[in-house]
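Trainee: Just so you know, the protein sequences line up as chains A and B, in that order.
Numbering of the first sequence is given in the numbering used here, commencing with residue 1 and proceeding in unit increments.
Numbering of the second sequence is given in the numbering used here, commencing with residue 1001 and proceeding in unit increments.
To be clear, the hints were calculated from the coordinates, so they are not data collected in a lab.
To spell it out: a stretch of chain A is covered by chain B in this simulated footprint if at least three of its residues, at any positions, have a beta carbon under 8 Å from a beta carbon of chain B; those stretches are:
| # | segment |
| --- | --- |
| 1 | 35-44 |
| 2 | 193-203 |
| 3 | 215-224 |
| 4 | 345-359 |
Quick partial rundown of chain A residues pointing at chain B, CB under 10 Å, derived from the structure:
| # | residue |
| --- | --- |
| 5 | N70 |
| 6 | P161 |
| 7 | K186 |
| 8 | I188 |
| 9 | G210 |
Think about it this way: if two alpha-carbon atoms lie no more than 16 Å apart in a straight line, the pair counts; the simulated EDC-like pairs of lysine to aspartate or glutamate are:
| # | chain 1 | residue 1 | chain 2 | residue 2 |
| --- | --- | --- | --- | --- |
| 10 | A | K334 | A | E352 |
| 11 | A | K62 | A | D90 |
| 12 | B | K1118 | A | E228 |
| 13 | A | K326 | A | E337 |
| 14 | A | K108 | A | D90 |
| 15 | B | K1118 | A | E229 |
In this text, all values refer to a predicted model and were calculated from it rather than measured experimentally.
Beta carbons: idealized from backbone N, C-alpha and C, even for Gly.
Residues per chain, in single letters:
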Amino acid sequence: MRQFMKYFSASFLFISMVITSSIAIAADYKVGFIYIGPPGDHGWNYQHDVGRKAVDEAFGDKVETFFQENVPESADAERVMTQMALSGADMIFATSFGYMEPVLNVAKKFPKVKFEHATGYMTADNVSTYSARFYEGRTVAGHIAGKMTKSNTIGYVASYPIPEVVRGINSAYLAAKKANPNVEFKVIWIFTWYDPAKEADAAKTLISQGADVILQHVDSSAIMTVAEEAGVYAFGQASDMSAFGPNAHLTAIINGWAPYYVKKVKQGMDGTWKGAEQTFDGIGAGMVIIGPLSDKIPDSVKKEAMEIRDGIASGTLHSFTGPINKQDGSPWLKAGETADMGTLLGMNFYVEGIEGDIPQ
Amino acid sequence: MDLSEINFAVLVASLIVASTPLVLAALGELIVEKSGVLNLGVEGMMIIGAVTGFIVGVETGSAYIGMMAAAMAGALLSLLFAFIILIMQANQVASGLALTIFGLGIAALMGHPYTGVKSPQISTISIPFISEIPVLGTMFFQHDLIVYLSLISVLVIWYFLNRMRAGLILRSVGEDHDVAHSLGYRVVTIRFLAITFGGAMAGVGGGYLSLVRVPQWTEGMTAGAGWIALALVVFSGWRPFRLLIGAYIFGGITILQLNLQAIGVNINIALLSMAPYLATILALVVISMSRFRGNRGAPGCLGRSFVKIT
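Let's have the full structure, built from the sequences with the hints guiding it.
Mentor: In structure tokens form, the structure reads like this:
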């Protein structure tokens, strides 16, 4: 049924897409964006739209941007992107992992259109990928969480067991453990990116089992609302979520796509854009931003958190620095050794100390 | 893994909160189906209730007024459905699906300015004396008004259907509308009322979601709850008490599996996520097999259009 609704709404979107694109104004350079949800989600999609607006602002009349929201990760994505390409888009940003196949298919049909795919791993001559080292932000969040917890129990609401999410859990755990050796993590997987009721239930469960700081890797702001009501702490995800929990909100790991989008559009315009490139930037490049720190955090902890942030940005500090063992006790990194890109991108194991299994 | 980390009193209390939207919406649909109408628009009416309840709740500062507005919004939307299928005699399945899609779309439009707004608080009512009982008090007697109302409506609907003349008439319309019509009952009017009641209940269920359970407005926040409510009606064999049990089992396993995950229990998590659905179906199938054999309770005229015989 939900599938049916998806198709129905998508075909409706498609029709409206045709209408809107036919009245598009003629600018020199056209850039399209497709979003998995509404830009009004105050999370993932919101930040991509902030990036799009930055492009608008940077180039004024020379560039025209347009977007399509609520595009399912299916053949509908292919239709929407085809339509964008047909109506003259020079560059298309596809901003969700599941658009990978559709992007490659459409890219093959339109070799002159440049494609940028977020969080994917497959490229082509006219397809580049980009992702952010969100785990760097989680090192900072993990440190604050370890210092702020009184029950020594930190809850973590996770979406899908993919490397990106596992990386975040490991990174947050290592930092929290370093800040507070007694800390314990409780992880709940809810197998969705966006279901406010389920996210709220998971957060309530973690709180009832003693967690007094909640980290999340799901998209809605429901957890922040629950944390505020229960009087515990939480972190904003993708966007600043302090409006939903002024007392609960410690800080947010904000996705900063704007500099990247502006840079790439500029390259596209002056002909220096290259396909088959893979960008993986973090705090240093401004793709991951630590939001304002709450007044609830003691000054000493604030200072430490900023030191960690700056250390990661300058490269003196790495989220995964040995000695680190895997969950089963087998050694992963020797003392002083840092994790290599390949292992990070495919991470499918917990580090030592985290209890429970990663669902397979 | 340490089972003692799970607070079972809190678990039961939160399963009741998690199940209440389902109980409300499903009870409404039960009455609709008992009158012989299949309304697949529960999801749409719920989300309209959720958004309207939230908007009115925020504007007036009262969650209860919001809840009433949610009921009215659900009822209003269901009137559209009633008009289409009773007066225009359109296909009920198609019209119900259309109602869901329409509801989801219009709710997204209405709710746009209200994302990120804080909802008014709803206070819990601790029933004097018995709420002080350890464990049991926390489980059952420290809830908000809507939870108590949902339990009372189970009782009232059971009484209405099985002990009251009006309930008998409603059922007869659902069993055989031609016979009911020839006996002089106003089939269309009765169905109109039943559909409106169903819409109001679904609306309150949605309002409870956005005002109490989450509580905030986000697009598409019902996330399939209306479909689960519909399934519960069928699996409960159109019986209010079984419906309540089914909803609580569903909510209970949902909350239990989250708790089990959090204590790090060693069970396949995909299986745990599936568990609420499996357990609910199994439980209700077993109940319907053991007693009342041969009488599944499906109204005879369910889903059929009524054409007046002259």
